[in-house]
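Heads up: the sequence lines are chains A and B, in that order. Residues 11 to 228 (my numbering) make up the first sequence, in order. Residues 4 to 251 (my numbering) make up the second sequence, in order.
Don't take each hint at face value.
To be verified - Some chain B residues near chain A, calculated using beta-carbon distances under 8 Å:
| # | residue |
| --- | --- |
| 1 | Ser151 |
| 2 | Met152 |
| 3 | Arg156 |
| 4 | Tyr160 |
| 5 | Pro164 |
| 6 | Glu229 |
| 7 | Leu231 |
| 8 | Leu239 |
| 9 | Val243 |
What the hints assert, rightly or not - The following residues of chain A were derived to be distant from chain B, with all beta-carbon distances above 12 Å:
| # | residue |
| --- | --- |
| 10 | Glu40 |
| 11 | Gly49 |
| 12 | Asp66 |
| 13 | Glu156 |
| 14 | Glu163 |
The set of hints was computed from the structure by calculation and includes no laboratory data. Built from N, CA and C at the ideal position, the CB exists for glycine as well.
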Amino acid sequence: MTGLGLCGVCKSYGGNAVLSGFTGAYGAGEAHCLMGPSGVGKTTLLRIMMGLELPDRGEVVGFGGLKKSAVFQEDRLLEGLSAAANVSAACRRPPGAGAVMESLAAVGIGPDSCSQPVRSMSGGQRRRVAIVRALEAEYDALFLDEPFKGLDEATKAMALRYVRARSAGRTVFLVTHDESECVAMGGTVTYLSPPPGAGGCGNVRRAGSGRPWGSKQC
Amino acid sequence: MKAWAVAAWLLIWHGLSAYVGQGIILPSPASVAERLVGLASEPSYWFSVLFSLSRIVAGFVLASAIGVAAASLSSWRRRVGDFLAPAIAAVKSTPVASVTVLALLWIPSRNLSVFVSFVTVFPIVYSNVRKGLSETDSKLLEMAWVFSMPARRKATYIYLPQTLPYYQAACLAGLGMCWKAGVAAEVIGLPDGSVGERLYLAKLYFATPDMFAWTLTVIAASVAFERLFMALVRLLAAKVGGAGKAAA
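Okay, chain B solo, but in the shape it has when bound (with noise of 0.2 Å):
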C-alpha cells in the first residue's frame, strides 16, 4: 500500500466531511484520529480489541488446521469429500446474520466469533486446499510410486510445496473475511467487552467518531494481524522450498 494513495483517501474523506458539513454523518478524519486516541487511552479499548481478535484468530486457526485436515481426508478417501460437500455448499452460501443467529441459540455469545469466524474461514480453506492437492503433479506421484517413497517424504516434498500456493490464496482471502463476518456477529450478538459491542454502542448513541474509529481498529487489527500470519505462511513456504539445502 502506498503511502500517497492514503493520503489521497485522507484528503477525498476530509473534503467530503467539510462538504456535508456533519459530523454525526460523517466526522472529519482529524476528529476520527482524536477519538482514536482518547479511546485507546482507556484500558476497555485494549480489552475489547483483545477479546475480539483471540476469538476471532481463534475461529480462523481452528478452520485453517480443520480445513486442511479434513480437505486432506476427502482427498485420500472420495467419500469423505462426498459426505462433506453438502454441509460446505450449505455453510458457503448461509448469510452471516443466519449462521449468527443460529449460533446464539446453540453457544454463549462471548465465543460467537470463534465460531462465526470458523463457519466463515473453513470452506475457504478446506475448497482450496483440496483442489490444491487434486492437481498435484501425477508425474511425480507416479515417481513417487515407483521408488516406494515413503508417506511422510511424499507430503513434506510433493503435496506440501504444490499445495501451499493454494493454502496461501486460501489463508488471504479467509483472513478479510473472518473479520468482516466476526464483528458483524459480534454486533448481533452483542457479548460483553467485544469490538462488535462497543460498535453498537456508538451507533445507538450516534457517536459516529466512536463508529469510525472502531472501524478503524478492525481494520488496522485485521491488516496486522494478516500480515503477520501471511509472513509466517511465507516462512514455512520458504522452508518448504529450501528443504533441500536441510536435507543436503
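Excised from the complex, chain A in its bound form (with noise of 0.2 Å):
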C-alpha cells in the first residue's frame, strides 16, 4: 500500500460547505489523527475515506479496494447478538472464540457478559465491543470515529492501551477532540478548521502536521 491522499476534496450539505478543497497526504502503516471544532467535517472526511460518501469535487487517492475497518460515531452493533458474535461477524474469517474472548478480555469484558446479547449491556461495554469487533477485523486501513467516547478515564485508558498495540504499524485514521490520544497513538496530526465563508469550493485547507500537498501538487 503507497500514500493514501485527498486533493482538493469538496463536500456540501443542502449547499452549506463542509469541506471545502481540503488537501491531505497520509502515509500507509501509520496513524493520523483528525482533530478540529465540532461540524467542521471530521467524520464527512472519514466517510468519504472509507467510501461512503462520494466528494462534491476533487480526488479521492488509494484508498479504493482497501479492506477497511472502523469504528463509527454511534456503536453499530448487532442487537441480537452477543459481544463475541458481534465480533465474529465482522470478520471475513472469523476468528476462534478464545482469540475474541481474549480480545474483549483486554477492554475489560469478561466472559460472562461476552455471550450475552449486546443490547443488555451498558454504553461502555457495547463500545468496548465496537472497538474490538473493529480491531479484530481484517483490514488495511483502520477508521476511528471518537472510538473512546462515553468512557471513563480508566477504562478509556485501557481501551487505548488495546487500540495501540492492535493496530502498531498499520494504517489508522483516528477522530478526536482529544490530544491526549493522538498523543497515544502517537502519529500526525492534521487539525480542521471551518471553511472560510459559506458555499464555494476551491478554498484549499491545510491538511495539518501529516504531509501535507501543496495545490498544485493535487
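Both chains are given apart, each in its own frame, so use the hints to dock them into the complex.
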C-alpha cells in the first residue's frame, strides 16, 4: 500500500459547505489524527475516505480497494447477537472463540458478558465491543471516529492501550477532540478549521502536520 | 382471550336467542353445541375440515413464501417492484367474489380455496416485508459494507431481525383473512366436501344450528392454526434474537 491522499476535496450538504478544497497526504502504516471543532467535517472526511460518501469535487487517492475497518460515532452493533458474535460477524475469517474472548478481556469485558446479547450491555461495554470488532477484523486501513467517547478515564486508558497495541504499524485514522489520544497513538495530527465563508469550493484547507500536498501538487 | 369475556358473550347470545324465540333465526348456544357434537361424530365432518384446512393453509404458506421472495427481489431490484406494483394494487382491491368467479374459469373448484387464500395473503405479506426491508437500519448496512460482510451474514444478522416484526404483523393480518376469503370462495365455488359447501347446504335447508356449528368450526380452525403458526414465527424470532448465543 503506497500513499493515501485527498486532493481539493469539496463536500456540501444542502448548500452548506462542510469541506472546501481539503487536501492532505497520509503515509501508509502510520496513525493519523484528525482534530478540529465540532461540525468542521472530520466525520465527513472519514466517510469520504471509507467510501461511504462521494466528494462533490476533488480526488481521493489510494483508498479504493483497501480492506477497511471502523469504529463509527455510533456503536452500530447487531443488537440480538452477543459481544463475541458481533466481533466474529465482522471478520472475513472469523477468529476462534478463544481469541475473541481474549480480545474482549483485554478491554475489560469478561467471559460472562461476552455471551450476553449486546442490547443488555451498558453504553461503555457496547463501545468497547465496537472497538474490538474493528480491531479484530482484517483491514488495511482502520477508521476510528471518536472511539473512546463515553468511556471513563480508566476504561479509556485500557481501550487505548489495546488499540495502540493491536494497530501498531497499521494505517489508522483517528477522529478525536482529545489531544492526549493523538499523543498516545503517536501519529501525525491534522487540524481542520471551518471553511472560510459559506459555499464555494476552492479554498484549499491546510492538512495539518501530516504531509500536506500543496494545491499545485494535486 | 379471557374466559369471563367468552362466557359473557355466550350469555348475551343465549339471552338474544331466548328473546327471538325461533331457532331457525337465532339458535341457542346449547342447540349449536349439541349439533356441533353431532357433526363431529361423523367422519365426513373431519374430512370437510381437513379438506378446507389443507387448502387454505397451503394458500397461506405459498403466499407467505412467495410474498417474502418477491418483496426481497423488489427491494433488491427496483424495477421488479415497479413491475409488481400495478398487479399488487389490483389484487388488493379486487373483491373476493370477483377473484373466485374468475378463478373458477381457470382452475378446478377443489383447488379454489388455495388460489383465493394465496391471492388474499400475498399482497399483505409482500407489502409488509417490503416496508420492513426498506426501513432496515441504513447505519447497520453501512457497517456491513465497510466490513465487507458476506450477503448471507447480512441477511441473517441485519435484514432478518429487522424485517421479522413486519412479517409477524403480516401473518397475523393474513391468517384471519385467508380463512374468511377461503371459506367465502368455497361457498361460491362449492367444491365437493369442503366446509364452504357444507355451510351452503346448511343455509339451503334452513339448518341454522348447522350453519352456526360450521361457522364455529371455521373460527376454531382459524384460531388453532393462527396460534400454531405464530408460535413457530415467535420461535424463529427467538432464534434470531438468540443467534448471538449460538454463534458465540
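These are the hints, each one checked on the structure:
1. The interface hint given for serine 151 of chain B is met, as the beta carbon of that residue sits about 7 Å from the closest beta carbon of chain A, less than 8 Å.
2. Interface hint at methionine 152 of chain B: satisfied, since its Cβ lies 7 Å from the closest Cβ of chain A, which is below the 8 Å cut-off.
3. Against a cut-off of 8 Å between C-beta atoms, the interface hint on arginine 156 of chain B holds, since the closest Cβ of chain A lies about 6 Å away.
4. A hinted interface residue such as tyrosine 160 of chain B counts as satisfied when its beta carbon comes closer than 8 Å to some beta carbon of chain A; here the least separation is about 5 Å, so the hint holds.
5. The criterion of a C-beta within 8 Å of any C-beta in chain A is met by proline 164 of chain B, whose closest approach is roughly 5 Å, and the hint holds.
6. At a threshold of 8 Å, the smallest CB-CB gap from glutamate 229 of chain B to chain A is about 25 Å, leaving the interface hint violated.
7. Here the hint on leucine 231 of chain B is broken, as its CB sits about 24 Å from the closest CB of chain A, past 8 Å.
8. A least Cβ separation of about 12 Å between leucine 239 of chain B and chain A goes past the 8 Å threshold, and the interface hint is therefore violated.
9. The restraint placing valine 243 of chain B at the interface with chain A holds, with a minimum CB-CB distance near 6 Å, inside the 8 Å limit.
10. At roughly 20 Å from the closest C-beta of chain B, the C-beta of glutamate 40 of chain A stays outside 12 Å, upholding its exclusion from the interface.
11. Residue-level check passed: glycine 49 of chain A sits 19 Å from the nearest beta carbon of chain B, beyond 12 Å.
12. The claim that aspartate 66 of chain A is not at the interface with chain B holds, since no C-beta of that chain comes within 12 Å of its own (minimum 19 Å).
13. Here glutamate 156 of chain A stays apart from chain B, with its beta-carbon at least about 15 Å from theirs, past the 12 Å limit.
14. At roughly 28 Å, the least C-beta separation between glutamate 163 of chain A and chain B is larger than 12 Å, which holds for a residue marked as non-interface.
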